[in-house]
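Colleague: Sequence:
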Amino acid sequence: MSAATDTSTQDEDAQAQQKKNTTREGILVRRGQIWEDLDTRQSKRRVVIESVADGEAQVRDHYGTKHSTLSVSRMHRHSTGFRLVAPGELKYGAPTVSSDENTQP
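The sequence shown begins at 1 in our numbering and counts up by one.
No lab work stands behind these hints, which were simulated from the structure alone. Hints are all accurate, no fakes.
No farther apart than 27 Å at their CA atoms in a straight line, the calculated lysine-lysine pairs in the BS3-like style are these: (1) K44 / K66; (2) K20 / K66; (3) K44 / K20.
All values derive from a computational prediction rather than experimental measurement.
Could you put together the complete structure from these sequences and hints?
Modeller: What follows is the structure in structure tokens.
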């Protein structure tokens, strides 16, 4: 009986984690996603999710030089928020890191 209780507790913990790691728009934040900073002062900065737990996302900038932590609660469409970049918007069509992503031909 203890095993069943442990399993249900693990399921509840997983559901609680998923809820914390979901944006208000219903997007589950996952490793490898690319998000764009909507703050105009950031010049369309993009970050890649390294890991996410307890409503906090560990991110690196698109060039891989800076690491920081973002709250999942900031990841929504707002002037100081972030938006998920769709794979079709990426320059080469796949979520890869490229040092020349922001260069315009």
